[in-house]
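Keeping their order, the protein sequence lines are chains A and B. The opening residue of the first sequence carries number 33 in my numbering; numbering runs sequentially from there. The opening residue of the second sequence carries number 33 in my numbering; numbering runs sequentially from there.
FYI, nobody ran anything at the bench for these hints, they're computed from the structure. Virtual Cβ for every residue (Gly too), placed ideally from N, Cα, C. It is possible that some hints are incorrect.
Covered stretches of chain A (chain B as the covering partner; in silico rule of three or more C-beta atoms under 8 angstroms from a C-beta of chain B) [what the hints assert, rightly or not]:
id: 1; segment: 322-331
id: 2; segment: 337-345
id: 3; segment: 372-381
Derived pair list, reagent style DMTMM-like, types lysine to aspartate or glutamate, alpha-carbon separation capped at 25 angstroms [claimed, not checked]:
id: 4; chain 1: B; residue 1: 278; chain 2: A; residue 2: 150
id: 5; chain 1: B; residue 1: 250; chain 2: A; residue 2: 291
id: 6; chain 1: B; residue 1: 119; chain 2: A; residue 2: 94
id: 7; chain 1: A; residue 1: 261; chain 2: A; residue 2: 291
id: 8; chain 1: A; residue 1: 250; chain 2: B; residue 2: 333
id: 9; chain 1: B; residue 1: 306; chain 2: A; residue 2: 345
id: 10; chain 1: A; residue 1: 140; chain 2: B; residue 2: 90
id: 11; chain 1: B; residue 1: 87; chain 2: A; residue 2: 83
id: 12; chain 1: B; residue 1: 250; chain 2: A; residue 2: 168
id: 13; chain 1: B; residue 1: 232; chain 2: A; residue 2: 134
id: 14; chain 1: B; residue 1: 87; chain 2: A; residue 2: 235
id: 15; chain 1: B; residue 1: 278; chain 2: A; residue 2: 110
id: 16; chain 1: A; residue 1: 278; chain 2: A; residue 2: 235
id: 17; chain 1: A; residue 1: 199; chain 2: B; residue 2: 395
id: 18; chain 1: A; residue 1: 119; chain 2: B; residue 2: 395
id: 19; chain 1: A; residue 1: 250; chain 2: B; residue 2: 60
id: 20; chain 1: A; residue 1: 180; chain 2: A; residue 2: 90
Label-pair restraints from in silico Cβ distances [to be verified]:
id: 21; chain 1: A; residue 1: 95; chain 2: B; residue 2: 211; range: 34 to 40 angstroms
id: 22; chain 1: B; residue 1: 251; chain 2: A; residue 2: 427; range: 42 to 48 angstroms
id: 23; chain 1: A; residue 1: 378; chain 2: B; residue 2: 265; range: 56 to 62 angstroms
id: 24; chain 1: B; residue 1: 38; chain 2: A; residue 2: 133; range: 17 to 23 angstroms
id: 25; chain 1: A; residue 1: 86; chain 2: B; residue 2: 211; range: 26 to 32 angstroms
id: 26; chain 1: B; residue 1: 455; chain 2: A; residue 2: 212; range: 49 to 55 angstroms
id: 27; chain 1: B; residue 1: 455; chain 2: A; residue 2: 401; range: 44 to 50 angstroms
id: 28; chain 1: B; residue 1: 302; chain 2: A; residue 2: 274; range: 40 to 46 angstroms
id: 29; chain 1: B; residue 1: 302; chain 2: A; residue 2: 192; range: 27 to 33 angstroms
id: 30; chain 1: B; residue 1: 453; chain 2: A; residue 2: 446; range: 46 to 52 angstroms
There are 2 protein chains.
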Amino acid sequence: MKNPLSAEILSVGTELLLGSTTNTDARDISIYLSELGINVFYHTVVGDNPERLTKAVEIARERADIIITTGGLGPTCDDLTKQVLSKAFDLEMVFHEELAEEMKRYFKEVIGVDTMTENNLQQAYLPAGCTVFHNEWGTAPGCAFESKGVRVIMLPGPPRECNAMFKACAMPYLRALSDEVILSHSLNIVGSGESAVESKLREIMNDLVNPTLAPYAKEGEVMLRITAKAKSEEEAEKMTLPVIEKVRGVLGDIIYGMDVNSIEQVVFELLKEKNMTLSTAESCTGGFIAKRMTDLRGSSEVFIGGAVTYATESKTAVLGVSPELISEYGVISAEVAAEMAKQAKALFNSSIAISTTGLAGPEGDGINPVGTVFIALATDKGVFVTQLNSGFGRSRVRTLASNCAFDMVRRYLTELPVVVDYHRR
Amino acid sequence: MKNPLSAEILSVGTELLLGSTTNTDARDISIYLSELGINVFYHTVVGDNPERLTKAVEIARERADIIITTGGLGPTCDDLTKQVLSKAFDLEMVFHEELAEEMKRYFKEVIGVDTMTENNLQQAYLPAGCTVFHNEWGTAPGCAFESKGVRVIMLPGPPRECNAMFKACAMPYLRALSDEVILSHSLNIVGSGESAVESKLREIMNDLVNPTLAPYAKEGEVMLRITAKAKSEEEAEKMTLPVIEKVRGVLGDIIYGMDVNSIEQVVFELLKEKNMTLSTAESCTGGFIAKRMTDLRGSSEVFIGGAVTYATESKTAVLGVSPELISEYGVISAEVAAEMAKQAKALFNSSIAISTTGLAGPEGDGINPVGTVFIALATDKGVFVTQLNSGFGRSRVRTLASNCAFDMVRRYLTELPVVVDYHRR
């Protein structure tokens, strides 16, 4: 096939047109496709309507080499993607016995019911001659086929399943279409905004063609992606190295990792490596730090537990923070944060402990500006406290505070200065 | 114009096709349009490329009464939306002196610079004869025009500006075009899968045309949406009532709310109403329940705090669960769950407390199947315990367990049977 290939993402679902759901699938697939060197020229969203979906397919096949559909593979009568696409490409639908068996097993082992309703079996029908994408993350299988000069890939709509299936099944399928290798590395940053990072890297970015350097922002985090195209993996790898060096030279230790999933994953690996344990004492983050740690499989190796002391009295009842300290300095203070961390370390008998106390808002307390958070890290070498002023936005304040808490742990465990001014980076 | 009107949202920006940005504009506008009774049949995303944008406009004008563009109105050479649309509809571009003055003022007063670069003036050109949408939230003005039987609305891309301009300018413009109202209600369910819910409602759904009934699934939750079109809001409201009744008749008390955001929001409102407080003792959910409660603004009114007792020893150290009880029944048992909830209720001095202990996996413990979770609710009327077997999938197990924990609280506070078999619904 000609290079570079172009793709259209065709998302199917009335819920997208009603605004009940945001099209994160199209965004995620776009990121993966750009890593693969495949141009995305159009996203189209269409409802669960066979006529309009058929028309959308007719348009897409004229202007794209690859059509990637998301959604409409499920068991309900709204789920029409396979039927419409098969018809548009003159393919029969074939029943796959082994997929039906997989589904029954999934219902029994994962969902825990012996009987599966009949409509689920609709999911075992796929276009004749397609490559089956088994769904290890849900029930609806996906697939890929080539017909009339177009490649079609069908993926389930739920973002978790769509993402996992793209990475596990569609990625290798698409990679095999090209004779060029595309290789990406990501550098991850918390505690610094996208525009601050971008203005520092502007010159480097402008000079680059291959590899490229692009920043992606998500709440409280920036990811830099360095992507090289070459004839071989080794060559592409070699091309990325000087760029990574340069970026590290400019940004320094605010980069918390390369090709890692999250700051909590980095903290988890560091704790394991050093045979250390962690506990938490959370007020304004309300369990978010503990939740993020325990999202990680195997976290029981390093995470002992935490206290969510949301009400002021519970800071005394559970952690033994003295009421005098609280009334002297106020519940949102460096002193109370430090005491919470120290007490958590003792209570849970962990190597280190982190604490948060602050004002996530939107309501204020008449003393501190909304977004004020004190974060403390208690260690055998003493207690470190950082003050954050993240401004408005409840979810944003909580995300930034937990990011910075993890970042303090990372900095401590890698022997960097623990307390930095997150507002000047 | 004919009724109901149909609209296509045409989002312009290469950043959307690269996955750097999520298309929240299309989602937000879709929600507003559904409130206005305007059908959205397509979303299209196209890059900053005049040829492809022209083609996309040609397709959209054939299939929609209203085209709403987002993005591409700014001052850079990538911003082509106005030029392309004006050309496609044979309209001249006209310079608006008063818009140029507004822009200069904005730069001086909001951004704080006296000089504005020349390229900003490009934004003062708009198609001849259009209705100008002044931008009070940024610099690029939007507009609306009618040409060749199609209404075109152009909005800036930054979500804050796009949203504000839609509400302030496009909404009244569009409201004047339609004489139909669309009204939706949602019914929310946890603890039952989409296909189980749908198979129970199949017959009702098949019989409906207006209103319609459609299920939407997200992890561990099903939302049913009932949507009616009518001449007035009162009429539409009246049409939805018998459908809601029927669905309630079939599904009964597994519906946890109507037009609500989440099960935790329902629990929060119930607790407030009854002047009661909650605390938590979490093992396998690792702070997720506390996190979900404290996501809600104002949660400090009802949520005292929680213990995340992840390691077995911490169940003793923090909650005082006796080591004998743990060794007799095992840490994953109804007895330990009950004791955790009782102790949390006492420690936090809350009206009720919920606890979880289970195996989120993927690693097993050699005793219980992965996905086994015991959830307990301690109240003044005794302790209730539910056993869940959610099977594999760490994130799924934790979501289902926290959903069911909230559901037990809801059932208790609304005087329904607290312990139900979540596997048989």
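We went through each hint and held it up to the structure:
no.	hint	result
1	322-331	holds (count 8)
2	337-345	holds (count 8)
3	372-381	holds (count 3)
4	B:278 x A:150	holds (23 angstroms)
5	B:250 x A:291	violated (29 angstroms)
6	B:119 x A:94	holds (24 angstroms)
7	A:261 x A:291	holds (18 angstroms)
8	A:250 x B:333	violated (31 angstroms)
9	B:306 x A:345	holds (21 angstroms)
10	A:140 x B:90	violated (50 angstroms)
11	B:87 x A:83	holds (21 angstroms)
12	B:250 x A:168	holds (17 angstroms)
13	B:232 x A:134	holds (24 angstroms)
14	B:87 x A:235	violated (35 angstroms)
15	B:278 x A:110	holds (21 angstroms)
16	A:278 x A:235	holds (11 angstroms)
17	A:199 x B:395	holds (23 angstroms)
18	A:119 x B:395	violated (44 angstroms)
19	A:250 x B:60	holds (19 angstroms)
20	A:180 x A:90	holds (12 angstroms)
21	A:95 x B:211: 34 to 40 angstroms	holds (37 angstroms)
22	B:251 x A:427: 42 to 48 angstroms	violated (18 angstroms)
23	A:378 x B:265: 56 to 62 angstroms	holds (60 angstroms)
24	B:38 x A:133: 17 to 23 angstroms	violated (43 angstroms)
25	A:86 x B:211: 26 to 32 angstroms	holds (31 angstroms)
26	B:455 x A:212: 49 to 55 angstroms	holds (50 angstroms)
27	B:455 x A:401: 44 to 50 angstroms	holds (49 angstroms)
28	B:302 x A:274: 40 to 46 angstroms	violated (60 angstroms)
29	B:302 x A:192: 27 to 33 angstroms	holds (30 angstroms)
30	B:453 x A:446: 46 to 52 angstroms	holds (49 angstroms)
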